[in-house]
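Novice: Which chain is which? The protein sequence lines are A and B, in order. Take the first sequence: its position 156, counted from the start at 1, is 156 in the working numbering, and no numbers get skipped. With positions in the second sequence counted from 1, the corresponding number in the working numbering is that position plus 1000.
Since the hints were made in silico from the structure, they are not lab data. Be careful, since some hints might not be right.
Said to hold, decoys possible - EDC-like mimics (lysine to aspartate or glutamate), calculated; alpha carbons at most 20 Å apart, straight line:
{"id": "1", "chain 1": "B", "residue 1": "K1035", "chain 2": "A", "residue 2": "D122"}
{"id": "2", "chain 1": "B", "residue 1": "K1034", "chain 2": "A", "residue 2": "D96"}
{"id": "3", "chain 1": "B", "residue 1": "K1064", "chain 2": "A", "residue 2": "D118"}
{"id": "4", "chain 1": "B", "residue 1": "K1064", "chain 2": "A", "residue 2": "D75"}
{"id": "5", "chain 1": "B", "residue 1": "K1035", "chain 2": "A", "residue 2": "D118"}
To be verified - Chain B regions said to be covered by chain A (calculated; three or more residues, Cβ under 8 Å):
{"id": "6", "stretch": "1010–1023"}
{"id": "7", "stretch": "1034–1045"}
What the hints assert, rightly or not - Residues from chain B that face chain A, not an exhaustive set, calculated with beta carbons under 10 Å:
{"id": "8", "residue": "R1031"}
{"id": "9", "residue": "L1066"}
{"id": "10", "residue": "S1308"}
{"id": "11", "residue": "G1311"}
All values derive from a computational prediction rather than experimental measurement. Cβ atoms here follow ideal geometry from the backbone N, Cα and C, with glycine treated the same way.
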Amino acid sequence: MTARTVLQQADINRALTRIAHEILESAKGGSDLVLLGIPTRGVVLAERLAAILRGIEPGLPVDVVGALDVTMYRDDLAHHPTRTPQPTSIPASGIDGRTVVLVDDVLYSGRTIRAALDAIGDLGRPCAVRLAVLVDRGHRELPIRADFVGKNLPSSTSERINVRLLETDGVEEVSIES
Amino acid sequence: MRHLLSTKQLSREEAIRILDVAEDMSDTQQRAVKKLPTLRGKTVVNLFFEDSTRTRISFEAAAKRLSADVINFAAKGSSVSKGESLKDTAQTLAAIGADGVVIRHSASGAPAVLAGSGWIDAGVVNAGDGTHEHPTQALLDAFTMRRRLHGAGSRGRDLDGVHVVIVGDIVHSRVARSNLWLLRTLGAEVTFVAPPTLLPSAVGAWPATVRYDLDEALAEQPDVVMMLRIQSERMHEAFFPNPREYSRQWGLSAERWATLPGSALVMHPGPMIRGLEISDEAADSSQSTILEQVANGVAVRMAVLFLSMTGSEAANPTETEIA
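Please build the complete structure, drawing on both the sequences and the hints.
Specialist: Structure below.
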């Protein structure tokens, strides 16, 4: 088992800064944005994106970040050990009529995002839903694609992509284990 | 967790996990759309050999909020002997295709028999068996206490140092037993108060303080006072002279309620008999959690159904593969 680092802290910061600009460009400003991170690391990334966005766009709403747990909407609950749900928190102003940006660390089969879209449907009706991921590793099983990608990492299904962030893991890197 | 048969079998970590999942379930019950698709295509059978309205509709609401199909099977009046009938019933349910069975039975241990029998391959949840246990009631009581005491910071917390006084018919009460084991596991202190006739003879072996005088117990300024229902159907067995005397000695009257600190909670598993074990002043005060207990019951039962009906022991994926 060998691990190879593909993104270091500075790379991750640069990718997030670029994604923040792309989000603002596509949404034509930040006034109706909501960033929903998918636990655990998606929430950390959403908070970091919000911090960067505030630096660029001072008019950003105060409560722009939320967490969206998708455990209860998954289609594979019967095939894995029981998962423990994580808290969901939605900004008090809700998501109706706003542009929701889903944030996750790795985009793989697309099933997590499918579950997230169902979860959003139960919470309200955004005017648009976008997807931002730090790493897209391919192997989609559903017709889902990301709007904002930090790094495309073509990988084999036998490899493991590890995203480690300071807030959750104490170190900051993206590595491939094979 | 495959089955939930008792709170005695729960470790501290398992109990806190159930309560934490219940927090998430409770959050979803505040939304406009309360239904989750989690148990879509699964069938939950409510198998009630004993009368129950509250527990059954609470389980039914919990299963329906998780999108499971619910079949209510009221087996009241069945005269077939316990072992045989349970086996036949279980095999019938297996043939129908039940994924989860919620069972209430007058015989202590019936859920454990069903879970260990091999007659049916379904998660079994004990909804009250004889005078043994009623684990989801204890879990919802603990959940309610934790939320009132720790507020938004409840997740991951236990009930360390909380003093709970449980008053009433201890001898017949599976709620009292389930609460005792769970509260002790979560670090709380438990005091039972009852007339000697309503305490089990083996109470000395339980990890609880026993008192016969309610005023003495309330003088210790407990954090929680839980009143149990005096079951009128048992009055004729002469456990105490008459209801008025019971009420005077062991009822939570307005005067007794006034002696408690403002932070003390009053709980009741319901249905309560006002004027007998509990006064209007206590039951209707802002420190009464009686209706919260009902609402929390649905969230806790959703958590228990979720944990017992999803997941496969064999599969073992890594987090990255899931993403």
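Novice: All hints, please: hold or fail.
Specialist: Now for the hints, and whether the structure bears them out:
1. B/K1035 with A/D122: Since the Cα atoms of B/K1035 and A/D122 sit roughly 8 Å apart, the hinted pair holds (cutoff 20 Å).
2. B/K1034 with A/D96: Answer holds: B/K1034 to A/D96 is near 17 Å, not above 20 Å.
3. B/K1064 with A/D118: holds (18 Å)
4. B/K1064 with A/D75: holds (18 Å)
5. B/K1035 with A/D118: holds (12 Å)
6. 1010–1023: With 4 residues closer than 8 Å to chain A, the stretch 1010–1023 of chain B meets the three-residue bar; holds.
7. 1034–1045: As far as the stretch 1034–1045 of chain B goes, the hint holds, because 4 residues have Cβ atoms under 8 Å from chain A.
8. R1031: holds (7 Å)
9. L1066: holds (8 Å)
10. S1308: At 8 Å from the nearest chain A Cβ, B/S1308 passes the 10 Å test, so the hint holds.
11. G1311: holds (3 Å)
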